[in-house]
Amino acid sequence: MRISRIIGSAMLALVVFQACEKNDAPVVVATLTEKTVSGIPADTIVGLVNGQPVGAGKFTFFSFETNAVVPSTDSNSVKWDVAVRGTTIITNGGNSGPGVGGAFVYVGTFDDVKAVPKDSVFRQDNAPVTYAVPNSSNKGWYVYSPVSMLITPVPGRVLVFKTAKGKYAKVEILNYYKGGVTPSATASDAEKLKNQRYYSFRFAYQADGTMNFK
Amino acid sequence: MRIFFQFLFLLMTTVAFAQRGGDSSQTNLDEVVVTATRTPRSMGNIAIPVAVISSKTLYQSGSLRLHDILAEQTGIQVIDNFGKGIQVQGLSSEYTLILIDGEPLIGRTAGVLDLSKITVKNIRKIEIVKGPSSSLYGSEAMGGVINIITDRAGQNKTDLGLRYGRFNSVDGNLNFSRRLNKTDLAASLNYNQSKGYSLKPNAVQKTVEPFRRSTQNLSIHQQLGSYWKAGASFRANASQIDNTIFVQNLGTTIASKGFEKNNEYNFTPYLQFNKEQKIKSILRGYLTGFNAVQQLAVKNATGGYDDRFRQLFARVENQTDWQITENAAFTSGAGIVRETVRSNRYDTASTLRTNSIGYFFVQHEQKFSSKLTWISGLRFDANLAYASVWSPKIAFQYKPSGKLKLNVSYGRGFKAPDFRQLYLNFTNLAAGAYSVFGSEVAVNELKRLSAAQLLDQTTALVGNLSALKPEVSGGLNAGIVYTLGAKSQFTANVFRNDLKNMIVTDIIAFKKNGGQIYSYFNLKRALTQGVELGAQQKIGEWIQLNAGYQFLYTADKEVLQSIKKGEVFQRSLTNGQAYRMSLSDYGGLPNRSRHTANLKFNAENAKGYFSTIRFIYRSRWGTSDLDGNGLINRSDEYAKGYVQVNASVGLPLASHWKCMAGIDNLFNYKDIPFLPGNPGRTGYIDIQFIF
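Residue numbers (my numbering), protein chains in the order written: chain A, 5 to 218; chain B, 361 to 1051.
Don't read these hints as lab results, they were simulated from the structure. Hints may contain errors.
To give an idea of the interface, some chain A residues facing chain B are shown, with a C-beta separation under 7 Å as derived from the structure [unchecked claim]:
1) 80
2) 157
3) 190
All of these numbers come straight from a predicted model, not from anything done at the bench. Cβ atoms here follow ideal geometry from the backbone N, Cα and C, with glycine treated the same way.
Okay, chain A solo, but in the shape it has when bound (with noise of 0.2 Å):
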C-alpha cells in the first residue's frame, strides 16, 4: 500500500518534471473567468397594453462558458445557463430548461463567496409559480421603489447558479438600466420605461467543475 503511494508520487513527479523540462514553467489551466457584462436586454418595453408597459414577452439566454448571449433557437438547449426576462431570471433546469441547473441568493458581497458552500442547496424553477431566484421585490435580487418606481438591485446580494452542464458561476446583479445608469428619480416616466431591463452584473465561472471561485 505505502509502496504503491510512493510510486505512484514518483511517477507524477516524474511526469510533471518532463512537463516542465518541454515547456520550461509548469502549465497553469486558468479555469477561473471573471467578467463584466452590461446591455444585456431583458424583454424591453415595446409598447403599452391596457397602460402597462409590456415587452414581446421573449426571454434572452446567456452561457457563462462562452460569455455571450446564446440565441433563443437554442432555447432547448444545454447552451445556456441563465436568461433574463423583465425582472424574472431563469435557470437552465426545473421546468424552465433541459439542463442541470438551479441558484440560490447568497446575502454577503461577491468577494465573501470564495467556494460554494458545501451545504448549498440550489433552488429549481417551478415557473410561473417559484423561480430559482426568486422574482419579488426585496425578496430576490431587486428591490423596486413605487414612489420613484425605479428598480434597484439589492447590495450583497450574489447570485449563486449551477450551470446547465452542472458546473458553479457565481453573479452580482449591477444595474438595469440601459448604459448601467439608473435614471434619476425625477426622470420621466417614459425616461424610466425607455431605459430599463438592461442588465449589467459581473461573474465568475469556474470551468473545473469545482466549487471553487479562487
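Position chain B relative to chain A; hints supplied.
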C-alpha cells in the same frame, strides 16, 4: 357664524377708544413660563430645557405663520411633508405636541400637524419645551411641546396690520384687547393669501397652489368676586387651497381640478378658583373639531377623488395647584377625553370611530435649599382603543452660584396609535392593487378577502396582529446655563431619546392578483441624541447677538445591530459593486441634519428703529435610498446643506404708525426637488396702525 364675528370685530374697532399699550417681552431668566410645569414659574427656576420667543422677536423677524419663526430656532427643523411639520431633538412632527393656550391642536395628516395654518400675528409669546413632557400632557409630548400663548385680554389696545409680499401674498390682521369694568376682552382677525408659485419654469402645475386662510379669535374673561373667575375662548380657522393637478401617466396627461378645504374650531370655557396663591383650581372644557375635504374632478373624463375627514376632540379637565409650604408645591389633575373620527379613508364618511381616554397626573416640586430643587411627576392614561400607559418624569436643578445652573431631567413620552393606524381601510387600485388595513380591522378584512377567494397567502406576521401599543420614549436631558452679568449668557444641553414600540407598516398577506396587504406593528426602535449650544451677547448699547448650534445623531437600532453583524451592504457610486457597510457610513433616520446652526444680529435703538440679519444653516440631510438597501448611506442620497439669510428693517413712522420691511432668503437659495416649500428670495412690507 364667521360673518357674524367679522361684523362684531368691525363694530368693536369703530367704537373702541383705546390707549397704546407697551409690548416688550425680553427673553431672560426672570421670564415667567407655564408650559414646562403647567404652573407659572420663572425660567431660571426650571430644570427642563425651555426656550421662549417673544412677540418682539416675532415682529422683528417678519414672521407670519408659526413655521416661519420656528425655522429660525436652535434645534428645530421645519420639514415640508404633508404641510409644514417640525422636528425637535430629531423626533419628527408626529411626536411633537402643539398647544394653543395650553390646549392641543388636532387635524394631523399622516402624523404631521401643518404649522402654516397657525398665524403668529396675535401671539404674545411662544414657549418651547424640549424632551418628553407626557407626564403632564399625555400623548404626542415626546420630542417636545410648543405652546402658543395668544395676546392678553384686557390690554386696552387695538392694532391693525397689513402686509404685502412676493407672490401676491397678503396678510391682514386686526387685534383688539379691552378691559370693561371686570370683564377682559380680546379679539383678533387674520386673513392670509397667496397666489402660489412654480419653481420649475414652464411647469403646468404650481409647486404651491393658490390659497386663502382666515383665523378668528375671541376670548372673554370675567372676574367673579375676589376668588372666582370664568371665561371662554373661541378660535376658528379656515383655509382653502385651489388644486389644479396634472399627472403624467405613460405619456398621457391627466388633468384634474378641485380644491382642498380645512376648517377647524376650538372652544375653551373655564372656571377658576384662586385663593391668595395658596390654592388654585381650574375646571376647563375643550371642544375642537377639524374638518377636511378634498375634491378633484378629472377633466374630460368621469371619476375623480373625494376625501373627507372629520375629527372631533372633547375634553373636560380639572387641575389644582397647592402651594403647601414656601418650599413645596403640589399639582394634580384629571380629565376625560372623547375623540371621534369619520372618514372615507377608513369606511364610509358616515361611520363613526371613537376613542375615550381617562387620565390623571400629579406633580410635586420641592426646594431643598436655595440651591437644589426637585420636581417629580406622573401621569396615567387609560384608553379604550389601545393599551394604557404610565408616564413618569423627574427633574433636578442645582445652582452652585448665581451665575451657574445645572439641570438634569428624565421623562417618558408616548404617542397613542392614531385612527389611521387603528382603522385605515385603504386599497390602491392604481398602483399594484395594494391595501393597507389598520390593526383593528385587519383580521376582519383578511377573513372577508379569504371568503371571497381573493387571498393568496399570509405571511408569518399575521400571527403578530394584535392591539397596538402606544409608541414610547425615554428622554434624558442634562444642561448648564451660565450667565455673565446682564450682557452674556451661554447654554449647553445634552439629550438622548430612546424610542421603542415605534409603529411601522409591514406585509401581512398577498392577494391572488399579486397585491400586497399591509398592516401596522409595534416593531421599530430608534434613538436620537445630540448636543445643543446657545450663546447670547449684547454688543454695545444697540446690538444683540444670538447664536445656536445643534449636533444630532439618529439611528434605527435594528439597523445598527445589523451593521455590527456585517449584514448590511451598500453599492459603490464608482464601480457599482456592493460592499459591506460600516457604522460611519450609516446616515441615520432620513430628513435629519447632523449639524444645524443659526446666527442672528439684532440692532435696535430706543426710538424703535431696528434691523436684523439672521443666518440659518442646515447641513446635508438624507432624502431617499438609491442603492437598494433602504437606508441613507451614499453621498447622492443626501440633499445639499445650505445657509439661508433673512433680513429685516423697521422704522416708526408717526405716533401711531409702524412700518417694517424684509427679505427672506436674501441670496435666493433654492433646491427644487428637496425644498419645494422654499420659493427663493421673498420680499415684503408691513404696516401697522396702533391705537
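Each hint, compared with the structure:
1. 80: The hint is violated - residue 80 (chain A) has no Cβ within 7 Å of chain B, the shortest such distance being about 29 Å.
2. 157: holds (6 Å)
3. 190: holds (6 Å)
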